[in-house]
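Peer 1: Residues per chain, in single letters:
2 protein chains.
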Amino acid sequence: MEQEMDLKNITITDAFWASRQKLVTEVVIPYQEAILRDAVPGAEKSHAIANFRIAAGQEQGEFYGMVFQDSDVAKWLEGAAYSLAIHPDAALEARVDEVIATIAAAQQEDGYLDTYFILKEPDHKFQNLQECHELYCAGHMMEAAVAYFEATGKDTLLKVCQRLADCISRHIGPEEGKKHGVPGHEEIELGLLRMYEVTANQDDLALAEYFIGQRGQDPQFFEKEKAARGWIHWSGNFVDPSYYQQHLPVREQKEAKGHAVRCMYFFSAAAELARLRSDASLTAACDQLFDNVTRKQMHLTGGIGQTAKWEGFTHDYDLPNDTCYDETCAAIGLVFFAHRMLKLHPSRRYGDVMERALYNGVLSGMQLDGKRFFYVNPLEVNPGVSGVLPGFEHVLPQRPQWYACACCPPNVTRTIASLGKYAWDETVQGDAAAAIPDAVHPGAAVVWNHLFVGGTARFTQGVLNTRTEYPWNSRTTYAFTSCSGKVWTLAFRVPAYAENPAVSLNGKTVPMTEAGVLQDGYLYLTRAWQDGDTVEFSFDMPVRRVYCNPRVRADEGCTALQRGPLVYCFEGVDNGELIQELRIPRGAALHTSIMPDGPLAGMTVIDLTGERASFPADKEEEPLYAFEPPVHSAVSMRAVPYFAWGNRGLTQMRVWIPES
Amino acid sequence: MEQEMDLKNITITDAFWASRQKLVTEVVIPYQEAILRDAVPGAEKSHAIANFRIAAGQEQGEFYGMVFQDSDVAKWLEGAAYSLAIHPDAALEARVDEVIATIAAAQQEDGYLDTYFILKEPDHKFQNLQECHELYCAGHMMEAAVAYFEATGKDTLLKVCQRLADCISRHIGPEEGKKHGVPGHEEIELGLLRMYEVTANQDDLALAEYFIGQRGQDPQFFEKEKAARGWIHWSGNFVDPSYYQQHLPVREQKEAKGHAVRCMYFFSAAAELARLRSDASLTAACDQLFDNVTRKQMHLTGGIGQTAKWEGFTHDYDLPNDTCYDETCAAIGLVFFAHRMLKLHPSRRYGDVMERALYNGVLSGMQLDGKRFFYVNPLEVNPGVSGVLPGFEHVLPQRPQWYACACCPPNVTRTIASLGKYAWDETVQGDAAAAIPDAVHPGAAVVWNHLFVGGTARFTQGVLNTRTEYPWNSRTTYAFTSCSGKVWTLAFRVPAYAENPAVSLNGKTVPMTEAGVLQDGYLYLTRAWQDGDTVEFSFDMPVRRVYCNPRVRADEGCTALQRGPLVYCFEGVDNGELIQELRIPRGAALHTSIMPDGPLAGMTVIDLTGERASFPADKEEEPLYAFEPPVHSAVSMRAVPYFAWGNRGLTQMRVWIPES
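From first to last, the protein sequence lines are chains A and B. To convert, note that position 77 of the first sequence is 77 in this note's numbering; the numbers rise steadily by one, no gaps. To convert, note that position 74 of the second sequence is 74 in this note's numbering; the numbers rise steadily by one, no gaps.
Honestly, the hints are just simulated from the structure, not real lab data. Hints are supplied without guarantee of correctness; some may be wrong.
Identical chains blur together in the list; that is why a pair holds if it fits in one copy or across any two.
Derived pair list, reagent style DMTMM-like, types lysine to aspartate or glutamate, alpha-carbon separation capped at 25 Å [claimed, not checked]: (1) LYS309 / GLU393; (2) LYS45 / ASP110; (3) LYS371 / ASP110; (4) LYS154 / GLU514; (5) LYS421 / ASP287; (6) LYS296 / ASP38.
The model shown is predicted, which means the values in this text are computed figures rather than measured ones.
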């Protein structure tokens, strides 16, 4: 049975990710805490911790904020917990304990916990699952509780959350006399499944299973719920059940629909449940849905959610670059989904998507200095259009300051801080679970390395010291120590973009097929590993041109550049403005160099001799239309990693460029 | 001094336009009348004539409809008047007289005429120029009055309108004690200038001049007006003065902004005033604005208004094909503007634009059977996206039925019915007016032919019988009769797309430079024309590829096809769906043929061997992204005239196609 990685056993030290974890620990989490404590002058009022203090009787006042204000505290707690796991900090831990004590004190006798309803509408609890996010807040609090328990061994919040789960279960569920329904925003499912990881409480699993299975059983549930209670919280809510993935039971869904973040949280939980229950029909549904998302509705960056109107999916092959939503949280949700699918069935089909989303659509959400964040991650930005014209209002050409947003920044925080969980998985004892491929010797423990990340990872069978300069260079070296001499397996992903992959064992190159078994894009190396053993994995990582399926209207005749996991983009600051005039000739050589200075210093950039199309300047008046084609003149072009766009002032940006 | 063409002197008999005028006379105008009389079962209630009858005391009831419901009657009257001018119909004329009598009876003692305010809010007259369209309705009634006077010589409505103009002038104007302001929707300016054509009443000209000059003098006028009256008619009105062209005085405006129809009506009136006053600064402003519209913000079809949000302009080189508004009325407005500019200064710069808008963005507004109409005329339509997805809701992939719209159909009606006015202009006596080019013998009367239309046109100096198969073939023959022997000039446009233009005089080919004087794209032929003289003008009209300025993001790497004045498009019904996969090879030969059957029978269509791009079908799963470019396979492609799209069922449509 596979087990969750303990972050305390994973230290990340490579240049790329260690610096980002440091940023999260030193900049983002403290800033976020100050916001929650209303200690940032000029920032929007949060009042999120104060709400708990008031509910706990520790101070006087009234509830302030959104109906889901509690989740801001939960998300910060979860991020702080991961940060404490990888970077112990007694002062932070003491402050977290104090917040948790307040939360515990705010919890009601019956286990109920939601400061909005406790303070503002005590008679309206569990009446508006569609809009009021009680279960969403609960789910986030559960994730925080488990993270903090794992990081510190302290179970105060875990116990609070178990009482909360029990309270929810007394009100909602399949049994007669309980409310039969689901929340408008999925999250409780993931929270309960996280709880189950550490509590092994079958009630938690059963409640999660209920919420997952119940969704779509009664597409009109929210309408009926509204009619029954006779009041609304917000006007203008979406009535189409597909917005909430409520149009069909999950096993009957074939396409991702509705709000992208809700959808990803739901699918992630479904995939987790499919694994826990070894549920073949649910597994098949998740596979179909993963396929739909990633092969019909996903941008090259791993961004998902094509429309701002419902922050979600539209339909197959509709992938606009300049009006898409591609919320940072949705890309994170795709990381969650892909990771759950990996645990269900290790395949680079999932691992490559997880890596694509992480290195592109997730990382682009955060400014390189950790101080500003994007909700929306377009693949094309045009100052003067983006953020301004109708249909483009949501596409900001520069990251707004942290405190203007409340949802994406903490999601980035917790993802980066807990990166080790996505990089590694471990199966302690071999069994017949689907997670263990046939080719691997039954009974062997397996350590999977999904992402190439440098550092030290401690497993049951031994310790791996990993060195890599990923994503800039492909070579990754695994050094084995603390091995017990038992036979076990190291499995790592061979990405689809890897050219001429090569493996060395203890310094000697070994043909891949001799070194191990390649299955579903993972290479399984099974040995009685000894201390001092090394494995080196490398491959050619040239700049590749990517082409989009011609069914996609937005990318007709275009190419994009990718190197390793990184998607590249062209910014006006490097290429002159009017990027729409640029063309990449089919045969143009693509050179890499290292950016010497500026915010992108040290990053691999791509240079080429491209073309700029324009109407002849010798005409008296530049025409709008002409019978002669535009003239192409040679021009130096430079592409930079997509995740780093928008760090050098207001400028155009574009991923897809017409090929000439 | 130039004079307005009298439609009664122009008979159009060519196959292309005569059939459309017949459609308007026999189908559209009767249907429209039945709507206004609430005699179409199942159609939306109009009540427009009933409102006048109630105001006239001829029946009991209450006002019903929009605040500008009166304008529906006015527009129908104008169209009916043009129809009567070209196709006398005693029964229709009698019914029009009856309606006019009702209108006259509805007019109040002081000349006021607007049934909404007379019946519903008598105390609110002239208090809400921004929203309440009193002056808009008045302007349309004035245009109708002049048209009917010209058609029949009857002046009842003309007198009503003069009393109305006088009433307005007593309330609004520059003098102390009057309201200083402008209407939210321009139209009164055009109406007053039309009145002045036949009344020569300086008060009408002065009031028009006031409205034109006053606009933009006080950009906050509407806000002040609202604050002063303390009530609103609609919520959600646009507050940006540029929506109403109120941001700057017209002479200071450099770019077209705001609502496209309002803008065109305003610029048209300004151009007319510039001519009447020989106003150099206003002429220069109009030229600059015409330039901005047509060389920075106009689609290839002559469609204008890039955004649905304010049905108007966005900014230079922003020309989306699939989300644009391109309202039929706006293209008609551009015809008006170009025609006024032609009268100000005859140049093919204006004539070509007028023709482009008319044959493409205007005609596309009407189904070939005259029974359905488009408001929005996109250059790309994708069923399942257009009319459905966010941002595309307004882009209907099929024309809705007539009665669902109230504004565009009657505008198409009046434009087609009065086509002779746009085809011909006449200057009776030579003078130094700007309209008469230097190259023409001073003192010679000039007849301008702006559009190639077959039929008979009667002028002061003689009669021209014109034969043409335009727009399918370029040859136009002018036969002179009833000539007095005086020296006069025939001038016709040599379009920019005309290749190898050739002129024959009395059957003998004459070099253009010998035949006459070519100035600003018009060929001036000055002779003492004799009965029996003939002029033949023809040119090569091959299919041309058109390219868009590369500054335009939407058309990158694309080409479109044009033949003569007609822009072509590709429909799924001819090319298979997934038009986004089609490519036009740079060297592909473009063949013309005649459509043999179906609704487009007889039209020249374009065939070529193109390419369809697709990802290899032999792959197990069709990828979304690949490192190999799409494979191109040869495919037959057919383009049809843009104006005829959407007449063969629900299907994709596209004007711009990537060139391979």
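Peer 1: Is it within, between, both or neither when you check LYS371 against ASP110 at 25 Å Cα-Cα?
Peer 2: neither (40 Å within a copy, 68 Å between copies)
Peer 1: Cα distance capped at 25 Å. Does LYS296 pair with ASP38 within a copy, between copies, both, or neither?
Peer 2: neither (43 Å within a copy, 49 Å between copies)
Peer 1: What label fits LYS154 with GLU514 when the C-alpha limit is 25 Å: within, between, both, or neither?
Peer 2: neither (47 Å within a copy, 101 Å between copies)
Peer 1: Go through the copies and call it for LYS421 and ASP287: within, between, both or neither, with a Cα cutoff of 25 Å.
Peer 2: within (22 Å within a copy, 66 Å between copies)
Peer 1: Should LYS309 paired with GLU393 be assigned to within, between, both, or neither, using CA atoms and 25 Å as the limit?
Peer 2: Classified as both; 11 Å inside a copy, 12 Å across copies.
Peer 1: How do LYS45 and ASP110 come out at 25 Å by Cα distance, when the copy is not named: within, between, both, or neither?
Peer 2: Neither: 30 Å inside a copy, 60 Å across copies.
In summary, the numbered hints that this structure violates are 2, 3, 4 and 6.
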